[in-house]
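Undergrad: In case you want the letters, here they are:
Number of protein chains: 2
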Amino acid sequence: MNMLMYDLDSKNKVPLHKQLYVFIKNDIQFGSLVPNQKLPSKRKFSEFLKISQNTIQAAYNQLIDEGYIVSVEKKGYYVSKIENIIKLDNNEIFRNKEEKSELSILFDFSINGVDRYSFPYSTWRKLYKEIINENDKTLLTLSGFQGDELLRESIAHYLHQSRGVNCSANQIIISSGTEFLVQLIIQLFDRKTVYGLENPGYEKPRLVFKANDCNIIPIEVDLEGMSSSDKRINEADVLCITPSHQFPTGTIMPINRRGQLINWANKSQERYIIEDDYDSEFKYSGKPIPALQGLDSNGKVIYLGSFSKSLSPTIRISYMVLPPKLMQKYLQNLSFMLCSVPLIEQKVLYRFINDGFFERHLNKMRTLYRKKYDVLVQSVTEMNSNIEILGADAGLHILIKITNGMTERELVQKAFDRGIEVHGISRYFFESVPRSEYPIILLGYASMNEFEIKKAVSMLREAWLMDDDF
Amino acid sequence: MNMLMYDLDSKNKVPLHKQLYVFIKNDIQFGSLVPNQKLPSKRKFSEFLKISQNTIQAAYNQLIDEGYIVSVEKKGYYVSKIENIIKLDNNEIFRNKEEKSELSILFDFSINGVDRYSFPYSTWRKLYKEIINENDKTLLTLSGFQGDELLRESIAHYLHQSRGVNCSANQIIISSGTEFLVQLIIQLFDRKTVYGLENPGYEKPRLVFKANDCNIIPIEVDLEGMSSSDKRINEADVLCITPSHQFPTGTIMPINRRGQLINWANKSQERYIIEDDYDSEFKYSGKPIPALQGLDSNGKVIYLGSFSKSLSPTIRISYMVLPPKLMQKYLQNLSFMLCSVPLIEQKVLYRFINDGFFERHLNKMRTLYRKKYDVLVQSVTEMNSNIEILGADAGLHILIKITNGMTERELVQKAFDRGIEVHGISRYFFESVPRSEYPIILLGYASMNEFEIKKAVSMLREAWLMDDDF
Chain C
-11 MNMLMYDLDS KNKVPLHKQL YVFIKNDIQF GSLVPNQKLP SKRKFSEFLK
39 ISQNTIQAAY NQLIDEGYIV SVEKKGYYVS KIENIIKLDN NEIFRNKEEK
89 SELSILFDFS INGVDRYSFP YSTWRKLYKE IINENDKTLL TLSGFQGDEL
139 LRESIAHYLH QSRGVNCSAN QIIISSGTEF LVQLIIQLFD RKTVYGLENP
189 GYEKPRLVFK ANDCNIIPIE VDLEGMSSSD KRINEADVLC ITPSHQFPTG
239 TIMPINRRGQ LINWANKSQE RYIIEDDYDS EFKYSGKPIP ALQGLDSNGK
289 VIYLGSFSKS LSPTIRISYM VLPPKLMQKY LQNLSFMLCS VPLIEQKVLY
339 RFINDGFFER HLNKMRTLYR KKYDVLVQSV TEMNSNIEIL GADAGLHILI
389 KITNGMTERE LVQKAFDRGI EVHGISRYFF ESVPRSEYPI ILLGYASMNE
439 FEIKKAVSML REAWLMDDDF
Chain W
-11 MNMLMYDLDS KNKVPLHKQL YVFIKNDIQF GSLVPNQKLP SKRKFSEFLK
39 ISQNTIQAAY NQLIDEGYIV SVEKKGYYVS KIENIIKLDN NEIFRNKEEK
89 SELSILFDFS INGVDRYSFP YSTWRKLYKE IINENDKTLL TLSGFQGDEL
139 LRESIAHYLH QSRGVNCSAN QIIISSGTEF LVQLIIQLFD RKTVYGLENP
189 GYEKPRLVFK ANDCNIIPIE VDLEGMSSSD KRINEADVLC ITPSHQFPTG
239 TIMPINRRGQ LINWANKSQE RYIIEDDYDS EFKYSGKPIP ALQGLDSNGK
289 VIYLGSFSKS LSPTIRISYM VLPPKLMQKY LQNLSFMLCS VPLIEQKVLY
339 RFINDGFFER HLNKMRTLYR KKYDVLVQSV TEMNSNIEIL GADAGLHILI
389 KITNGMTERE LVQKAFDRGI EVHGISRYFF ESVPRSEYPI ILLGYASMNE
439 FEIKKAVSML REAWLMDDDF
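Note that the protein sequences, when read in sequence, are chains C and W. Numbering follows my numbering, with no gaps: position 180 of the first sequence is 168. Numbering follows my numbering, with no gaps: position 216 of the second sequence is 204.
Please keep in mind that the hints were generated in silico from the structure rather than gathered at the bench. Any given hint could turn out to be false.
If several chains are the same, the list does not tell them apart, and a pair holds so long as it fits within one copy or across any two.
Computed cross-link-like contacts, BS3-like style, restricted to lysine-lysine with a CA-CA straight-line distance of at most 30 angstroms [as the list claims (entries may be wrong)]:
hint, residue 1, residue 2
1, 255, 180
2, 313, 352
3, 313, 69
4, 6, 117
5, 32, 114
6, 192, 317
7, 6, 443
8, 275, 63
9, 317, 69
10, 117, 13
11, 352, 317
12, 38, 117
13, 360, 13
14, 6, 313
15, 255, -1
16, 114, 69
17, -1, 271
18, 271, 32
19, 271, 6
20, 114, 352
21, 26, 317
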């Protein structure tokens, strides 16, 4: 077995396991590594390249999946026979660059998770059984572009009661997620429209705007959310904000700032505010703060909501509330776009809400997530004095600022080496360049139970060399 | 009760019931009609304005829905009290302009319907019950941008077997309908891309392209489908075609023409063909013709498929197969766009296909739809000699050319007056101007049973004054 020398760059944006995978794949494709050649063992490779065995494993796994190498039990890793490789070149299997080897990740602080055990499986099953009904003539009939009317009515009712949103069912459009709502909005406005996005902010809308070559500008986020005094705000026509729980910083926008942004919108007919109320169901202290939409009496606010956090991201149901004038425009120009959500799903969700299950579920989840929040905060606080928790006690993620001298990249990599997935805040900035002096890490906790949270945090402490105060 | 005089224009694009609705609504809003005022009875109004009672009914229904008038049993129709109207002005209820009063339509020859009785309700129920399973850890975890892997594998397998499409599961992206696949394609290509669309052609893609300000040009459709000799074809970068069963003309593209279009695509690196195989499952005579994608060895064809016809349009599952190079581009640029289809639905569909139910269902539907096709064709043939049936015996709609001197508008209106909904072919042309001398009407027959088909056709005969040869 020959050792392989590769020049891995730990400062590069591309993760180490990816760099290694590419190097080995290239060598195989170009013949520097020949069929049946034995590759270095994980342990020796790890010592030689001075990277973790986890990183080697991840690279090897991807090469196995794609057929470049094989794993022979008790023997090791070998380059595949050559015919397999030629076939694959003609019919290459592509991997989502976001996919990491399942073996590598023990605890995932993803911000997209929900609690797996609390999903109302039996109620959901029961409702599907009732809904898929031969006698329902409407089950196979397209329900128009807005989505199921009863579901919209129940959403309108829920929004009024719990978020102070004023609307009728006919102002609601049901869709499949933020990406899709944003695409609808893009088609509703004209191409000259300038969108002002929170910086830092949720990256999905920004990516959709960019994929559609829209005009976007970054607007600063300060301790109160999107800054009304950022000079660039007057270049924008439409602002996209998360006032209930700024993503990612976790700030709740106070009433004054809300008023300032509504004033901004009222200054011109072309101005609108898109309010993304993505996790407003979860606020762990203080009074609930109503949606910004409720303060708007001039039809300036487009309200976005979703069931991704309150139920599950795999349900893929979200919605927007358009002010009457925009709804009229939508009717004229975009009503050919059929609702993307399967009708059965919509009817099940309607029953879930209407029969009172949703309210019960939300109450249960609030209690549960609040407990997890407390456990996480306590564990992190006990972790080290170089960690500061940022953001309000709301939503399904916290931020931690780490002042032990490590960079964001180092923190993420070291966590990954131990099988913990975390994300830094830098990806949420326009230029991926954060402003704060110290790195900030996001920890989503919804999908882990209390034991896992404690375990994961203690492993982070090891990974980040925080056993003693630094 | 006063009679009301309105100047209705039967040559106007706007349907008569809509014109009437607007006239009455305006009078109410401006006070020419006062609260509690009695409106003309349907019968007298119909006699006075010389339009059908159905038209009056449709207008009255819309006014009732929007709260402008009320229906008092055994008495008639009255203008609503004024407070209701003011409220509505501030919070107007919008109606989908496509919605017609349910009471007006007895038989709908819509091209979007499927047979209501044959949907596999009990299998579908059973599969949902099995899939919504507490033990399935992946049920609440986002499955990435392409959609569920097992479903994609089963689709790839099905496509290979039944359509001769060559692809791996990893070339497939699952989405929620044509509108959404087209939006993904728009974001995949750059904004300068020129799309050549069939003229006449399915209007949905055209509307999506227009809503996104894309460059589109019409390419003639002749008796073999999209014309390879239309001069404009060389202005296009991407052609969108329906070779298995041209929509709407029903032509099946012969092998020579397919070859010509593939040659066209091969002449430049930037050229692609989008093949929309929307109802290829249903062909009633002759050998099945494989997809165009199977003839392509240079990665030039993007293949679109859907379960809207084979299962139900309300399932909202469709997919595209990208050639490897485009899949790579998609991976790099658009993998942030999560799959829009709920995971439960995807898993149920996977089981439905994998357990053999889909194949059984298709066989059943082919037999059933073929019978309906035969009944429709026979009824129409017996109808009158001024009717010519166009297009191949495939798919779920036929076209009829009517040569009795009536215009398309007259044919559609007269049918509507009797409660039959049909569409003319003009809406599928770029400028809504058809080229043929005689009007052509589309008749979708999937949602009606044989009895309804015969009844509907005989009512069309009455409506179109075809009792004797014209």
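Undergrad: Work down the list of hints and note, for each, if the structure agrees.
TA: Verification of the supplied hints:
1. 255 - 180: within (19 angstroms within a copy, 35 angstroms between copies)
2. 313 - 352: This pair counts as neither: shortest intra-copy Cα distance 38 angstroms, inter-copy 47 angstroms.
3. 313 - 69: Only across copies: residue 313 and residue 69 sit 25 angstroms apart there, 64 angstroms inside one copy, limit 30 angstroms.
4. 6 - 117: neither (45 angstroms within a copy, 40 angstroms between copies)
5. 32 - 114: neither (54 angstroms within a copy, 51 angstroms between copies)
6. 192 - 317: both (25 angstroms within a copy, 18 angstroms between copies)
7. 6 - 443: For residue 6 and residue 443, only the intra-copy Cα distance (27 angstroms) is at most 30 angstroms; the inter-copy one is 66 angstroms.
8. 275 - 63: For residue 275 and residue 63, neither the intra-copy (62 angstroms) nor the inter-copy (52 angstroms) Cα distance is at most 30 angstroms.
9. 317 - 69: between (60 angstroms within a copy, 28 angstroms between copies)
10. 117 - 13: Close neither inside one copy (49 angstroms) nor across copies (43 angstroms); limit 30 angstroms.
11. 352 - 317: Neither. Shortest intra-copy (40 angstroms) and inter-copy (43 angstroms) distances fail the 30 angstroms Cα cut-off.
12. 38 - 117: Neither. Shortest intra-copy (56 angstroms) and inter-copy (50 angstroms) distances fail the 30 angstroms Cα cut-off.
13. 360 - 13: For residue 360 and residue 13, neither the intra-copy (42 angstroms) nor the inter-copy (56 angstroms) Cα distance is at most 30 angstroms.
14. 6 - 313: between (49 angstroms within a copy, 20 angstroms between copies)
15. 255 - -1: neither (46 angstroms within a copy, 43 angstroms between copies)
16. 114 - 69: Neither. Shortest intra-copy (51 angstroms) and inter-copy (44 angstroms) distances fail the 30 angstroms Cα cut-off.
17. -1 - 271: For residue -1 and residue 271, neither the intra-copy (38 angstroms) nor the inter-copy (59 angstroms) Cα distance is at most 30 angstroms.
18. 271 - 32: For residue 271 and residue 32, neither the intra-copy (49 angstroms) nor the inter-copy (61 angstroms) Cα distance is at most 30 angstroms.
19. 271 - 6: Answer is neither; intra-copy 38 angstroms and inter-copy 48 angstroms both fail.
20. 114 - 352: both (19 angstroms within a copy, 29 angstroms between copies)
21. 26 - 317: Close neither inside one copy (65 angstroms) nor across copies (33 angstroms); limit 30 angstroms.
Of the numbered hints given earlier, the model fails hints 2, 4, 5, 8, 10, 11, 12, 13, 15, 16, 17, 18, 19, 21; all others are met.
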